[in-house]
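Protein sequences appear in the order of chains S and B. In terms of numbering that gives the first Met the number 0, the first sequence opens at residue 0 and continues consecutively. In terms of numbering that gives the first Met the number 0, the second sequence opens at residue 0 and continues consecutively.
Some hints could be false.
Straight-line alpha carbon distances no greater than 30 Å define the calculated DSS-like cross-link-like pairs of lysine-lysine that follow [unchecked claim]:
{"id": "1", "chain 1": "B", "residue 1": "K237", "chain 2": "S", "residue 2": "K290"}
{"id": "2", "chain 1": "S", "residue 1": "K318", "chain 2": "B", "residue 2": "K3"}
{"id": "3", "chain 1": "B", "residue 1": "K195", "chain 2": "S", "residue 2": "K290"}
{"id": "4", "chain 1": "B", "residue 1": "K163", "chain 2": "S", "residue 2": "K122"}
{"id": "5", "chain 1": "B", "residue 1": "K219", "chain 2": "S", "residue 2": "K3"}
{"id": "6", "chain 1": "S", "residue 1": "K318", "chain 2": "B", "residue 2": "K193"}
{"id": "7", "chain 1": "S", "residue 1": "K4", "chain 2": "B", "residue 2": "K262"}
{"id": "8", "chain 1": "B", "residue 1": "K290", "chain 2": "S", "residue 2": "K237"}
{"id": "9", "chain 1": "S", "residue 1": "K262", "chain 2": "B", "residue 2": "K4"}
{"id": "10", "chain 1": "B", "residue 1": "K290", "chain 2": "S", "residue 2": "K172"}
{"id": "11", "chain 1": "S", "residue 1": "K290", "chain 2": "B", "residue 2": "K163"}
{"id": "12", "chain 1": "S", "residue 1": "K318", "chain 2": "B", "residue 2": "K262"}
{"id": "13", "chain 1": "B", "residue 1": "K130", "chain 2": "S", "residue 2": "K239"}
{"id": "14", "chain 1": "S", "residue 1": "K172", "chain 2": "B", "residue 2": "K163"}
{"id": "15", "chain 1": "S", "residue 1": "K3", "chain 2": "B", "residue 2": "K4"}
{"id": "16", "chain 1": "S", "residue 1": "K128", "chain 2": "B", "residue 2": "K318"}
{"id": "17", "chain 1": "B", "residue 1": "K4", "chain 2": "S", "residue 2": "K219"}
{"id": "18", "chain 1": "S", "residue 1": "K130", "chain 2": "B", "residue 2": "K318"}
{"id": "19", "chain 1": "B", "residue 1": "K219", "chain 2": "S", "residue 2": "K4"}
Here chain B is said to cover these stretches of chain S; the calculated rule only asks that three of the stretch's residues, wherever they fall, bring their Cβ under 8 Å from a Cβ of chain B [as the list claims (entries may be wrong)]:
{"id": "20", "stretch": "82-91"}
{"id": "21", "stretch": "327-333"}
Calculated directly from the structure, the hints in this document are not laboratory data. We put the CB at the ideal spot given by N, CA and C, even for glycine.
2 protein chains.
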Amino acid sequence: MRSKKIRVIVYGLGAIGMLIAKHLYDKEWAELVGAIDIDPSKVGRDVGELLGLGSIGARVAHDDEAIGFIKNSNVDVVVHTVTTYLDKAYKQLEKAINAGAHVVSTSETLAYPWYRFPDLANKLDALAKSKNVSVIGTGVNPGFIFDTLPAFLTSVCIRVDRIKVVRSIDASKRRYPFQKKYGLSLRPDEFYDKMKKGEITAHVGYAESIMLISSMLGVKIDRVVEKQEPVIADKHMKTKYFDIPEGHVAGIRGLGIGFVNNKEFVVLELIASVGRSDYDEIIIEGVPPLKWRNEYGTSGDIATAAMVTNMIPKIVNAKPGLLTMADISIPSIKVNI
Amino acid sequence: MRSKKIRVIVYGLGAIGMLIAKHLYDKEWAELVGAIDIDPSKVGRDVGELLGLGSIGARVAHDDEAIGFIKNSNVDVVVHTVTTYLDKAYKQLEKAINAGAHVVSTSETLAYPWYRFPDLANKLDALAKSKNVSVIGTGVNPGFIFDTLPAFLTSVCIRVDRIKVVRSIDASKRRYPFQKKYGLSLRPDEFYDKMKKGEITAHVGYAESIMLISSMLGVKIDRVVEKQEPVIADKHMKTKYFDIPEGHVAGIRGLGIGFVNNKEFVVLELIASVGRSDYDEIIIEGVPPLKWRNEYGTSGDIATAAMVTNMIPKIVNAKPGLLTMADISIPSIKVNI
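Given the sequences, and given the hints that come with them, work out the whole structure.
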């Protein structure tokens with residue numbers, strides 16, 4: 000018999016995984032029964048201890064024992080927060096599915112996996128169906144600000160000509176790994192060099208968000224353009240972690256554009272730079288025109304951890320297979336289930 | 000065999016019904032096959048003629064022949080735009096369901112019918128299930144600004160303490176029936192008198208929106224308060240239709256509050272008054288806090304007609320029975336299906 004609480008394992012105890020573990024511990028409807036990682040400083044310990052809560056009876060298992068650990072823990076849902084690219088995530092997702100668990104993952108390319116990894120997506124879909132479980136990729140982005148929210152906002156429109164979303168982030172407020180990932184304080188040539196080597200990746204998921212919108216609206220995107228460029232400091236700047244001379248990199252501007260009939264239909268812009276204000280803005284050019292703006296911005300880590308946590312009660316009742324946010328009933332916080 | 004296009008009849012050719020009929024005529028995926036009304040100036044005519052489009056082969060039938068007309072027209076979906084209260088709408092909905100059609104209705108109390116009409120709701124649910132069709136009430140409000148949109152915005156929150164929505168409308172821009180319904184130019188005592196007699200109803204649906212949010216979030220609302228009061232002109236004002244002396248009614252302020260554990264959890268405020276600006280604002284007090292604002296406001300008629308139109312491709316694939324917006328995958332405009 001299944002317990003009334005939804006039994007969850009967090010697969011990957013990075014910053015987001017730890018946040019989700021904490022949320023799950025706080026939720027009445029969830030039971031955090033363990034975690035999986037490869038970090039020797041975490042494996043074997045209690046998740047509660049790592050969170051500073053004392054022992055809560057939720058052990059961190061090593062990735063090598065993942066299948067048995069998930070199976071024996073009678074887990075309903077595995078929350079997967081390990082890596083951006085589906086090819087790298089695949090083995091982990093496979094283990095969770097083979098152990099009979101539903102999966103909610105922050106893997107950005109899983110939000111619409113048919114774009115970058117069509118073969119793996121089909122394979123994953125078949126596996127999930129064969130095990131009668133559901134798999135979904137979500138988070139704040141892809142998953143919300145750049146796709147499902149603008150799509151939802153169009154539900155009161157009778158015509159949509161163009162969707163533009165701007166996500167503006169004050170990079171100086173983000174944690175160190177983000178500031179580093181954004182290339183803060185580099186010379187522009189260093190920035191481009193590191194970007195070529197894949198050391199600066201910034202945001203991944205523009206194309207996934209565009210394809211998710213198009214799948215919801217029923218429009219055929221004929222071309223997707225993704226690009227990233229540095230924002231150059233026009234004066235000397237400082238953050239807690241970086242000293243940025245004038246002319247060096249103060250942030251990153253990423254852009255995703257989806258074209259329909261050779262015209263821009265979706266334009267997604269993420270600017271994370273020192274000195275920017277935090278806000279999100281969604282402009283729908285259509286009938287009626289709409290301009291929604293979140294004055295406070297949406298903190299990425301907190302929002303992704305929240306979206307994933309709130310998705311857990313939905314995934315246990317979803318249809319089997321590899322799903323996208325387009326398949327799920329309107330998400331919201333789940334106070335009780 | 001069913002045609003690929005979704006075959007639709009509009010039940011009720013008031014302002015909203017006419018707008019929807021026009022939208023359906025424009026949509027590639029829909030076929031407007033007829034309408035139903037009781038107005039002698041409309042019955043027997045072609046909907047296209049009423050829309051100024053010339054004949055489109057879509058006759059307006061009288062309500063008395065509704066069942067046969069829907070059945071014979073091989074209709075997939077009936078769009079019902081007749082009346083606010085479910086007890087008055089029930090016979091019409093019953094006819095559509097008995098004729099084998101799915102129903103999307105603008106009836107405000109149908110958005111969460113278990114609040115005001117629990118017996119009729121259960122009866123309708125059983126009937127819809129027995130006929131294997133789906134029935135839903137939606138629109139801009141209830142259906143969007145006051146309920147599903149704020150609920151969706153909380154999906155990136157890990158805690159929600161209070162949801163406040165303000166919908167501000169410049170009453171001078173609304174059409175005559177609205178200005179009259181709002182009681183413009185009346186003395187305050189006349190306003191209250193007409194409100195008692197039910198001649199001023201203003202917005203109906205605060206409670207439905209509150210219950211819809213609570214059903215989505217899994218919170219137990221222990222009390223709902225709904226009230227309406229006049230906004231008094233602090234100077235002489237004018238609209239296209241009304242001359243408003245100082246001290247007379249310039250608009251209406253409606254309020255719905257849902258309490259959880261004796262504390263305000265949902266506060267919905269609609270202010271439609273001469274001199275107000277048009278905007279919608281959704282404030283989520285929680286973690287993280289959010290403040291989303293639509294700078295342009297959301298035109299009620301257009302938005303309701305759009306939401307209903309966009310719901311049609313969803314309802315044909317929904318599970319049978321009486322549904323709410325909480326049962327539907329994330330709505331959006333449907334360019335193609």
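Violations among the numbered hints: 3, 4, 6, 12, 13, 15 and 20
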